[in-house]
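> In case you want the letters, here they are:
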Amino acid sequence: MLQTKPRVHLFITCVADRLGVSAAESTVNLLRLYGCDVQFSELQSCCGQPAYNAGHHDAAKQVARYWLATYDKLLASADDYIVTPSGSCGAMIHHYKDLLVDEPSQIAICNRVLPRVRELTQFLVDDLAVTQSFVNLSSFTVAYHDSCHAMRNMGVYDQPRALLKSAGATLIDWDSSCCGFGGLFSVKLPQISTAMLDRKLDSVTNVMSADFLTSTDLGCLLQLDGGLQRRSTRLRTLHIAELLDPASVVHAK
Amino acid sequence: MAKAEKRGAVLRGTSMVDSRRKIACAELDTDDPAGYQGLRNIAASIKDTVLADLPTYLETFANNAEAAGAKVHFASDAADARETIQDIIRSKGAKVIVKSKSMVSEEIDLNAALELDGYRVIETDLGEFILQLEHEHPSHIVLPAVHKPKVEVERMFNKLYKSPMGASADDLAQTARRVIRQDFLDAEVGISGGNFLVADTGSIVIVENEGNARLTTSLPKCHIAIVGIEKIIPSIDDLPVFLNLLSRSATGQRSTVFVSTITGPKTLDEPDGPDEMHIVLVDNRRSTILADEKLRPILRCIRCAACVNTCPVYQQIGGHAYGWVYTGPIGAILDPVLLGLEDAYHLPYASSLCGACTEVCPVKIPIDDILVEHRRRAVNASLTGPVEAMAMASFATVMVNHNLYEAATRLAAVMPSSNGRMSRLPLPVITDWQSSRDLPAMKGPRFRDIWKQRLASAGANNGS
Chain A
1 MLQTKPRVHL
11 FITCVADRLG
21 VSAAESTVNL
31 LRLYGCDVQF
41 SELQSCCGQP
51 AYNAGHHDAA
61 KQVARYWLAT
71 YDKLLASADD
81 YIVTPSGSCG
91 AMIHHYKDLL
101 VDEPSQIAIC
111 NRVLPRVREL
121 TQFLVDDLAV
131 TQSFVNLSSF
141 TVAYHDSCHA
151 MRNMGVYDQP
161 RALLKSAGAT
171 LIDWDSSCCG
181 FGGLFSVKLP
191 QISTAMLDRK
201 LDSVTNVMSA
211 DFLTSTDLGC
221 LLQLDGGLQR
231 RSTRLRTLHI
241 AELLDPASVV
251 HAK
Chain B
1 MAKAEKRGAV
11 LRGTSMVDSR
21 RKIACAELDT
31 DDPAGYQGLR
41 NIAASIKDTV
51 LADLPTYLET
61 FANNAEAAGA
71 KVHFASDAAD
81 ARETIQDIIR
91 SKGAKVIVKS
101 KSMVSEEIDL
111 NAALELDGYR
121 VIETDLGEFI
131 LQLEHEHPSH
141 IVLPAVHKPK
151 VEVERMFNKL
161 YKSPMGASAD
171 DLAQTARRVI
181 RQDFLDAEVG
191 ISGGNFLVAD
201 TGSIVIVENE
211 GNARLTTSLP
221 KCHIAIVGIE
231 KIIPSIDDLP
241 VFLNLLSRSA
251 TGQRSTVFVS
261 TITGPKTLDE
271 PDGPDEMHIV
281 LVDNRRSTIL
291 ADEKLRPILR
301 CIRCAACVNT
311 CPVYQQIGGH
321 AYGWVYTGPI
331 GAILDPVLLG
341 LEDAYHLPYA
351 SSLCGACTEV
361 CPVKIPIDDI
371 LVEHRRRAVN
381 ASLTGPVEAM
391 AMASFATVMV
401 NHNLYEAATR
411 LAAVMPSSNG
421 RMSRLPLPVI
431 TDWQSSRDLP
441 AMKGPRFRDI
451 WKQRLASAGA
461 NNGS
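For the protein sequence lines, the chains are A and B, in the order given. The first sequence begins at 1 in the numbering used here and counts up one residue at a time. The second sequence begins at 1 in the numbering used here and counts up one residue at a time.
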């Protein structure tokens, strides 16, 4: 653990703000348990990913500039962190340098702010060197879903697995293929998106026998949960922060 | 044929080859600079070196190929390439033409033109042969008939060649082989593709597993190779890097069964081989890609189809859904240039941007970035419609205005719901989502409300 109390500015993301409230709350609880000074600015909104991925880059640039200005003001020191519970939103922030390549003043902000951005589990394992868990998941079997963007663009792969194992969870070996969410893709091409989802849910027979299905990305979880609700299964979808937070509903007995 | 049957065949075929690729590449996966990642870097940088000076490399290749006795033709577009080939064949007085696999010949729709001229054209690659019997086009650049369940082929061969139902894949191949053998002997012209053009020797290199390309390029008196101008590598010394990556990435083999390096036609002291060799180098909008810095990495492609096999979208929809010759992720970035963005802008949207393609590309083409780049251009060209443009502009306005964001996220809570799930609403986007998935209710406080109510003060109590 670090000597001084690390200061963390939450980037909770618009999805968690509205659709992942308990995941967001567990994120705060968890960061505090591990000794962080947690800050939240109400000025935050979205990373701009929906517009960026759809090719509407003027709209995406507007949101990117707003995001950069907001967090540039918040960072009180070069040691502050920006932590998000949603991997693909974090990955989007790293696209800002390409998106705003023609705007030197924005690139200067990018150079200050982007190196401070972390996905939650990445922050806990890589920066705080967390190895101890506050919960006991030894009676649970968990299927961890890799968010494509967290995995490929932020290097999140071992960290969530390490945290779940340190809590004693039994992990199911699940392939790393896409769940079919892809933001607007899931509504532009719903049939293909759902076929990908079904394949992912069917790909390992024992996935359905797990207790929890978890991930580091709220978009993926929206998709996976949306599909599970249409199946008769006791399997529940939870954000990884909810699984690791002793105060979350999972651990309320 | 049943759609589900076809989809099953695509999913099985691509998954199988994809897992073989993984194993074959993992074999090289070390931190050693000559390991898999090292080879990818080397291959990408060799390709970039060539692309930075393509005309010079093409000239060197042409000079060396002609010095070895081949005739080199440059074709600016599809019509030019077809006419060049038609002229050569006409001068031979040919009747029968055998072909080995060539995606460029599909790209320029060569078979149709030759058949109109009255020639008998026989595809000799097993997959292509099967497709030709049913007048179908390949659905995949390496596994052209991956969408065909085996039983379909049994039925077809049973009807045409009295091959028994339930024949093994080997037996089916033997049947095709018997049928095609006579055509090889009768053909006056053999048309092949080419995997690499080697500048310093003037050779073309063809990799294959069936031996049909070797026969196509050596039995008929006249061999015509049709190759895209981007297939150049500087030197024969660069070949091992590319052969290693291509065979592992394409089929999971350490090496393909046949690798033919062909340098000019038969010489006076050689007993076998064609008397004439023509190499048709096809541009067909490749120089447009070359001149476009953002798209240029597309020309590194060695057509291994690793991106196709690993693509979760392709695995579900198969190649024919892409509507043209190049399918899967590489097709989704290449077709919009070759066909024009207006006719193919929807292809780059057929992706969840998962990035699996980029991860497996042996020449490190940033495929997902280029998908987004095409989308950006489609939006700039107003191809995606005014409704989406308006929605995205409003989205940005809300996200950069604190008061609007507050109002919008509060307003979302009035959406009707039951049991914690959002009710079905006749709203675009929502209905598309709800066609197959539930959506959680937006009821209750937002995170920011909870933060204000209890989290901020709890933090203060903890002394932060």
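Since the hints were derived computationally from the structure, they do not count as laboratory data. Just to be clear, a hint being listed does not mean it is correct.
Straight line, CA to CA, 25 angstroms or less: simulated DSS-like cross-link-like pairs of lysine-lysine [to be verified]: (1) K73(A) with K5(A); (2) K150(B) with K162(B); (3) K150(B) with K6(B); (4) K221(B) with K266(B); (5) K150(B) with K5(A); (6) K221(B) with K92(B); (7) K294(B) with K71(B); (8) K188(A) with K159(B); (9) K364(B) with K294(B); (10) K159(B) with K3(B); (11) K221(B) with K95(B); (12) K73(A) with K452(B); (13) K6(B) with K61(A); (14) K364(B) with K95(B); (15) K188(A) with K221(B); (16) K97(A) with K162(B); (17) K294(B) with K97(A); (18) K364(B) with K92(B); (19) K71(B) with K95(B); (20) K3(B) with K22(B); (21) K22(B) with K294(B).
Here are the simulated distance ranges between beta carbons [claimed, not checked]: (22) L54(B) with E42(A): 31 to 39 angstroms; (23) S76(B) with K97(A): 33 to 41 angstroms; (24) T233(A) with G323(B): 51 to 59 angstroms; (25) N403(B) with T233(A): 53 to 61 angstroms; (26) A389(B) with S138(A): 46 to 54 angstroms; (27) T288(B) with D102(A): 44 to 52 angstroms; (28) A129(A) with E27(B): 47 to 55 angstroms; (29) D127(A) with A458(B): 47 to 55 angstroms; (30) D102(A) with A173(B): 52 to 60 angstroms; (31) R120(B) with K97(A): 30 to 38 angstroms; (32) Q191(A) with P164(B): 21 to 29 angstroms; (33) N419(B) with K5(A): 36 to 44 angstroms; (34) Q191(A) with Q37(B): 53 to 61 angstroms.
Ideal Cβ positions, reconstructed from N, Cα and C, are used throughout, including at glycine.
> For every hint, state whether the structure bears it out.
Tested hints:
no. : hint                                     : result
1   : K73(A) with K5(A)                        : holds (20 angstroms)
2   : K150(B) with K162(B)                     : holds (16 angstroms)
3   : K150(B) with K6(B)                       : holds (10 angstroms)
4   : K221(B) with K266(B)                     : holds (9 angstroms)
5   : K150(B) with K5(A)                       : violated (64 angstroms)
6   : K221(B) with K92(B)                      : holds (9 angstroms)
7   : K294(B) with K71(B)                      : violated (34 angstroms)
8   : K188(A) with K159(B)                     : violated (42 angstroms)
9   : K364(B) with K294(B)                     : holds (14 angstroms)
10  : K159(B) with K3(B)                       : holds (22 angstroms)
11  : K221(B) with K95(B)                      : holds (13 angstroms)
12  : K73(A) with K452(B)                      : holds (20 angstroms)
13  : K6(B) with K61(A)                        : violated (42 angstroms)
14  : K364(B) with K95(B)                      : violated (43 angstroms)
15  : K188(A) with K221(B)                     : violated (53 angstroms)
16  : K97(A) with K162(B)                      : violated (63 angstroms)
17  : K294(B) with K97(A)                      : holds (15 angstroms)
18  : K364(B) with K92(B)                      : violated (42 angstroms)
19  : K71(B) with K95(B)                       : holds (22 angstroms)
20  : K3(B) with K22(B)                        : violated (28 angstroms)
21  : K22(B) with K294(B)                      : violated (29 angstroms)
22  : L54(B) with E42(A): 31 to 39 angstroms   : violated (54 angstroms)
23  : S76(B) with K97(A): 33 to 41 angstroms   : holds (38 angstroms)
24  : T233(A) with G323(B): 51 to 59 angstroms : violated (37 angstroms)
25  : N403(B) with T233(A): 53 to 61 angstroms : violated (42 angstroms)
26  : A389(B) with S138(A): 46 to 54 angstroms : holds (52 angstroms)
27  : T288(B) with D102(A): 44 to 52 angstroms : violated (23 angstroms)
28  : A129(A) with E27(B): 47 to 55 angstroms  : violated (34 angstroms)
29  : D127(A) with A458(B): 47 to 55 angstroms : violated (23 angstroms)
30  : D102(A) with A173(B): 52 to 60 angstroms : holds (56 angstroms)
31  : R120(B) with K97(A): 30 to 38 angstroms  : violated (57 angstroms)
32  : Q191(A) with P164(B): 21 to 29 angstroms : violated (38 angstroms)
33  : N419(B) with K5(A): 36 to 44 angstroms   : holds (42 angstroms)
34  : Q191(A) with Q37(B): 53 to 61 angstroms  : violated (36 angstroms)
Of the numbered hints given earlier, the model fails hints 5, 7, 8, 13, 14, 15, 16, 18, 20, 21, 22, 24, 25, 27, 28, 29, 31, 32, 34; all others are met.
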